[in-house]
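Novice: Each chain, written out:
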Amino acid sequence: MTHSFPLSLLAASMSVLFLTGCGDAETTIIEKDPIVGADDGHDHGDGCNQSNDILIDSKGRLAITQADSNMLHLFDLDDNSQLDSMSTVHNDMTLSASADFRFVTLKARNQDLMQFVDSGFWREDHGSHLHDFEQGPTMTSFELTGSRPTHAISHQGQLAIFNDGDAENGIPASVHVVTDNIISTQGEPRSLTFATNMHGVAEPRGEHLLASIRRDDAESTSANKILPDQVGVFHLHDGAYELEQTLETLCPNLHGAAQNQDYTAFGCSDGVLVAHQDNAQYESVKIDNIPELAGKRVGNLRGHVNADALIGIASGHGGGPATLVSLDPVANTMQALEWQPEANPVGYAFSYDGEQFLVLDDQGYLNILGLHTEGGSAHWELASRLDISQQDPATMPEGMSFTMTVAQNGKYVYVSDPIAQHILHVSLANMQIEGDIELDFAPAAIAWVGVAEQDSE
Amino acid sequence: MYKVTKVALLVGALLPTSLFAQSIEGVVINKNGKAVAGANVLVEGTIFNTVTDNEGRFVFDDLKAGPTELHISAAGFAHLHQDIEVTDQQTQQMTLTLSRSPIEVIDVVATPIHMSVMESASPVSVLAGERLRRQQSSSLGDSLEKIVGVHTSFHAKVASTPIIRGLSGPRVKIAQNGLDVSDVSRVGPDHSVASEASTAQQIEVLRGPATLFYGSGAIGGVVNIVDGRVPTDSTTRGEWLVETNSVDDQRLGSFNLTTGTDSFAFYADGYVRESNDYEVPVAPELEEEGHDGEGHDDAHSKVVENSAEESSGLTLGASYLFDKGYVGISVEQFDRKYGIPGHSHGEEEAHEHEEGEEGVFADLEQTRIQLQGEYNVQGEWISKIQIRGGYSDYEHVEVEEGQNGTIFENQTEELRLDTVHSQLRGWNGAVSLHYKSSAVAAQGEEAFTPPSDSQTLALAIMEEKHFGNVLLQLGARVERVSLTAENVLLPKIDAHGHDEDEHDEGEAGHQHEDEHGHEEGEGITRVFRADHEFTPVSVSAGVVWDFIPGYNLGLSISRSERAPSASELLSFGPHIGTRTFEVGALFALHEEGDEPYIGLTEEVIDLETANNIDLTFRKTQGDFGFVFNAFYNQVDNYYYQSFTGLFAEDGHDHGHEEGEDDGHGHEGDSEDSHSEEGDSHAGELPVFIFQTDDVILHGFEAQIAWQATDEFKATVFSDFVRARLKDGGSLPRTPPLRFGTELSYENAHLSAHLGVTRFQQQDRIAPEETVTQGYTLVDISVSYDVSVLDQDMSVYLKGSNLTNTEARVHTSFLKNVAPRPGRSIALGVRGYF
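Just so you know, the sequences run in chain order A and B. Counting in my numbering, the first sequence runs from 1 upward without gaps. Counting in my numbering, the second sequence runs from 1 upward without gaps.
Calculated from the structure, these hints are not laboratory results. These figures come from a predicted structure and were not determined experimentally. Take every hint as true, because none was put in to throw you off.
Listed below are the simulated EDC-like cross-link pairs for lysine to aspartate or glutamate, each with C-alpha atoms no more than 20 Å apart in a straight line:
#1 B:K146 to B:E742
#2 B:K31 to B:E711
#3 B:K619 to B:D710
#4 A:K32 to B:D531
#5 A:K59 to A:D132
#6 B:K492 to A:D132
#7 A:K32 to B:E602
#8 B:K492 to A:E31
#9 B:K492 to A:D57
#10 B:K492 to A:D33
Please model the complete structure; the sequences and the hints are all you need to start from.
Specialist: In structure tokens, the structure reads:
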């Protein structure tokens, strides 16, 4: 029998301990980088008549994925130092930020996974004051495992991830909506599950979710049946969304969506569907395509809470030149921008305040459009065309491109250059390159994280 | 306990372990030769456990030949240990005689060796049955305070926790069915224990070092709350109770139920309780001598504001029963919301917003999953294996003015594996393997301790053997405790003294402003990663000598080591619960020129070591019984908070108006500043640093009971502890000398108890404390059993503090703002089935 073994082992170890007589204590203290600028949190002085906010003045942090690898790197934008590197579950995960920019989101569409990395830099509203926190980045254990997560859209504190589902395995489409609070507390994501799979999109809007609906193929007006042709208004009840209303206006081959303060827009093959809340109900109209589109359709939309107009991007299949249109959801008009891209755009974004629109192209130019008001009507004009790469764009490695991410706490944009292996700091205020972060790897994608200064998306 | 049915025994008889199966028939009688029905008979270290029938008879079949031990227990009688030799004879007959014991003897269930008030070398107490129901209260501390050696931290009724022999907090472990309760009650006196007495079956208290069984956190003692959430048998039974109480309009309803089939057992319990702010005999706030207290009597009503409570819990459990044991799982959801009186932002403001402002309250929530199993191997080497596992997820939010102020979280996983070996040369005992991992975090204004992860792995052995009339108990435990905090913060704080020459009367406030200047350098927070590895070792030896029949003498000697807790090491920040600015032992006060500053300590962080001697003298049988305990405990390297003479901001937004007077002047007296509401430094807290010193605790506990007739019983008890620093000085919040008596009358239907308890004045005080006056409490309870619709019920009436005395509790952090409740009458009905 082997039963005596643990006893004798125990007896032996005990007798050793008796001989030594007492236990042991060992302490290791490692000093880390101090937190500078952070108020200590205790100077709510007697009679001092100043703000009680405990704020950290920082440019924020930058998450960078390394091409052809599973590495994620986090940099401090104040001193361009590397804070941490960590490995993700899969290679080449799609990088973005959470709705309030505290978390880095990593998406592996084909592996049905979304991971979240805590940037370590966030703000809490304590009622009487705001409180900033600055810690080291950490990989959270929060994960989303929807089937084929594809389009992720954030709006005013909520991030909606549309999981396309999988026809082959009979998995229907679904939506997960998470806030930074849900991620940090490992809470339950708000969810919606459809009856069938689709390549759809969902826009969170307070307690509502406007999401695409795929009808029976026999009824659907979409040419490509995997694209939905209706939009539903869903309402949150006990953590799940329930269909409350289906918008009357159809949207064949629905693809692309965006919001501003009051309006939500969806790209359709015959125009742009615009929805807006009127009391308890949502109303919808279609802004028809204009001849300048020359047969193309708006399949990509951008909006900003501070911008009245939405921007639509129409491009033909397989890339090719894109046409940018401005959409006025009040007057229900579509207008081509005066400036149109010469090269193939690889990224579009609003600046954090919604006053500028950025188009990054594959020739290494950052086109900065500004809103120009003339005779009461505003239109977008090219303010600057910044050459951001000294390299020959033709030497761009296969599968890579320039990418950019917009700071949410100031007029900055960061642009990655995989050829030169660096990240540029671009000031949008004076439209100049102000610095760079040298890398020893090719960046695949970048995302700004930190404390956003005002509502933006 | 697992009951063996005849069927199970028959099944057991077919198993190969019972090669030399024998049987025993016995009868249990009392001294007068009358049969004792319902006595529990247990064959030590085995599955065999049965209850005597109406003629006092019991039968065991299928016993293994060889020496073994019977343990017989019955209500009102002393437990009997009987060594027997199971021989090859077909059937053995025996008669066992029980002696009366006026002191209730109930076994502790959560230790692998036998322990009870009368039989073990180290002192234990168990509260169960009707006595538990009579003494249960909304908080654990108040429920247990009638046990000798146990006092309550009386935190305005809402968050009282037990103090064992003067020790509490990280030195007293609170366990639920042998597993850590895993709340944050050990780090803050205003944090409630996440456990409930009204659904408990019994509550066990181990006084003095019990690290052997429970590890580091039990150096001062253990409270284990036992219920049947993982049922070990499926006999249908249950209990329900409804009660209302006048002093706080409390309404309580609770139930527990066990039922099942042959193979499956199910359990459920639940309770709901609601109470309002409680009434007190006097204005709750104690006026400070020398301070202007005029008008207070009118201004305050005689209730302790913000002491209301609302809680509920539901537990479900299920087990699979098989002939050699059981395995089961339970889930509990626990919710409690309670006001935190005195958790205000300083006295000055508390006066300003008496009306209309919502106080601070805590909203506590815990989910607890427990797994339990037992397998009676009955092998040559191993007798049985017990497993207990737990997962708990705790969160409590302190809500101030409708905003979430601080969130405390504790996630714990725990596993205990006890292997009880078969009797080996007369030794009974067990080897215990114990693993625990917890992640504790606090976020928000009161987040004085950084998030930390701790892991414990321990191996322990406990053995006992009877040598004639001497019982020897031995134990040892070795632990590996690791504590890691990624970001220990050391902000530069503006701590300053309050010296006489620095402040002119009346202008203190302005002086302050200058001092609180936001100089350069402020705003730099140093960050550390702290990694601690501790290896505490505990050893203990005890003897119980039955020197003449009916009497025994117990001696227990132990050396126990404790790893300091995260809050003792890593704290840095305002702790509103204790009204101090807490700084952990990782830091120390240094001086640069004349300027004091706080930096890393240069001292070695070491284990706390308790060397304890316990002496027990008992009369275990007869109409007259007693238990005397005396103890001497020298704790080396005792972690405690010491006042630095400095003050720091409390981290709250005070919104002081310009020109607001800062209070009663700053005479540099640190008196009362610690925990006392009379503190005049509004918006500031005294800075206390954890440091270590050698401490001596000694004292006694005495219980004497006399069963005068079958109906009348008189009990006298007393306890005392002296807690002092070796180099002179007293520890704070030490219980005063207490003595009391209880007169009971019990017949078949009526049970009545009159209790009188005297708490003496406490004048052995720490420098920051004040003397607390003595007081006498008078309680009475009457219960009458009735049978309605074939249901056993009792209707009861409880009166407490009948003389409506002002009673301030020296052990309470809220001594000066929340005295004990005034006269109260409770009415309730209990039912059993």
